[in-house]
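All chains, full assembly: derive it from the sequences and hints.
Chains Y and H, in that order, are what the protein sequence lines are. Its first residue numbered 571, the first sequence is counted upward by one per residue in this note's numbering. Its first residue numbered 78, the second sequence is counted upward by one per residue in this note's numbering.
These aren't lab readings, by the way, just hints derived from the structure by calculation. Backbone N, C-alpha and C define an ideal beta-carbon position, used for all residues, glycine too. Worth double-checking, as some hints may not be accurate.
As the list claims (entries may be wrong) - What follows is a list of derived Cβ distance ranges for each label pair:
hint	chain 1	residue 1	chain 2	residue 2	range
1	H	Tyr336	Y	Arg786	50 to 56 angstroms
2	Y	Arg838	H	Ser368	32 to 38 angstroms
3	H	Tyr336	Y	Lys573	30 to 36 angstroms
4	Y	Asn837	H	Gly151	40 to 46 angstroms
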Amino acid sequence: MLKFLSVRLTTSLVALLGVMVIVFFLARLTGSPAALYLPVDATDEMVEAFNRQNGFDQPLLVQFGNFVGDALRFDFGQSLAQQRPAAVAALSAMPQTVLLAFVAMSLTLLVAIPLGTFAALKPNSPRDSAITMFSLFTASIPDFWFALVCVLVFSVNLGLLPTSGQASLLSWVLPVATVMLHPVGVITQVVRGAMLDTLNAGYVQNARARGYSWRRLAFRHALRNAALPIITVAGDRAGGMVNGAVIVSAVFAWPGIGQVLVDAVYNRDFAVIQAGVFVVGIAIILLNILVDLIYAAADPRIRIS
Amino acid sequence: MAVLDNAAAVPAPRGRRIGGRLGLLLRSPLALTSAIVLILLVLVALVGAPLVQDFANTQNLRLRFFPPFSLEHGPGYILGADALGRSVLAQLVVGARTSFLVAGATVALASVVGMSIGMVSGYVGGIVDAVLMRLSDIIVTVPSLLLALAVLFVLEPSVVNLVVVLAIARLPVYLRVSRAQTLELRERVFVEASRALGARDGAIIWRDIRPLVVPTVVTVAMLELASVMLAAAGLSFLGVGLQRPDVDWGTLVSEGREYLTRAWWTTVFPGTAILITALSANLLSNWMRASADPLQAAAMDPASTREEAARP
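This is how it looks when you write it as structure tokens:
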């Protein structure tokens, strides 16, 4: 297990280095970032001074070395719009996003696991078809549009929920629902598939033939064995919730990494985008390691090897 | 006559297989409806868009926010008009072409490139495989929307850039599926036989492995069509996807958003169009997955890659 984790960590670090290469070359794609940072009517002297000041006149490899060194010390330069280090801007927004993702993923699992299991208990029944239809439907709704329509119906027309902000518990309802939308559909499908496989396995059928309660068998015994694919997809989707967070911030002005990134796009604040990609990359690597640990907890075979 | 009979007899198994698949489709009303809806939408997008292009751009300020479901100004305005008095229906048709073009081109590009890399990676193995899989890990590490946001921020918004960025983000899906299947196929007897007969590696990949990987990739591609369409619309909504004069359904939702409380139809209808298309594609691919053989279903299971990785 330790060996496996260390391999995992090494490959993650390689991936992180790759993310940094992407971020670096993104920054250089436009030539010198001067075009992004200086006003349109900047003179040649201003561009040159800017390049010299920021080290853009040095060879690319030296620049990359400096960039990696700075990034490892968590220095992505100054945010243009916020007048504070870009890394601070990105990092200080993470707790809200992580909290949102955590709440949304917990609720998703609470909905998806019973739904998928009930569908798998009676395959091809009307109940199964209804649940499958529901899950495909939620996976097909454009989330940004869902958020807008919810604002229109619940906030504007019915006046039940606030349109934005984070003031009360009620203001969590629509953002969480928006972030949950696609994962609920996808994970219900995965639970259904995994449970179908497990329920058809010999040992489950054997226990059933001996007279164990079918439902109890499913939730107590089969679910544990179906857990691996569910954990995998839930982990993937939890990381993907950053996508949902970006949408949520664009519609509900929800604070978090999504808000920071969207603002950075509108303000042409490139340092913050770089820092944001890097911070999210690290968060997802940590999430992957967490998923591996849960994996080991769920399956003794992995623990031993 | 006899020659004809012979010629007909040879491709029979394939014909029967496709016939059988079609027969199954005809017996499944939901899947059949989805297929018909998708075909109709594609036809409308391809044939209709050039026809209504001019009408879609016609501004008529007297018809600003003209409400839907009224034939007062002719069938062109049945879904209402937007802030500039343009027909919502005509905009939807023009947007459909862009949306389908982007989704189709992205899936085609990602599946062909992903499948090629995946087959080579799985067949060759060793250091090449390790490097390619780490590259795919990197893409997976950064959430697709974030990657697209950052890249499209630097590049100009255009159809080509959008397609390339989305295709790169979706590449790992095809790469993993085709690699997993190649790993398994590589050990099979018919591949060994080809090798024993002196076939070159390229020929083995093309003639022995590719035909068996393609059906799986097609099934995955169908599944991906819906999510790519949603992703593209999301990017356009955020303002880094497409911008006027290019217009897709996501752009329409984002334009309508400003007038959400005044003219709900400019937001609701484009979103409904995305929903209907994505739902049809999802229903169809769900049916394809269920009717395909169990081996394929197992190969496209997203869980299989990590379980593989977790095993020593």
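**Message:** Please list, smallest to largest, the hint numbers that this structure does not respect.
**Reply:** 2 and 3
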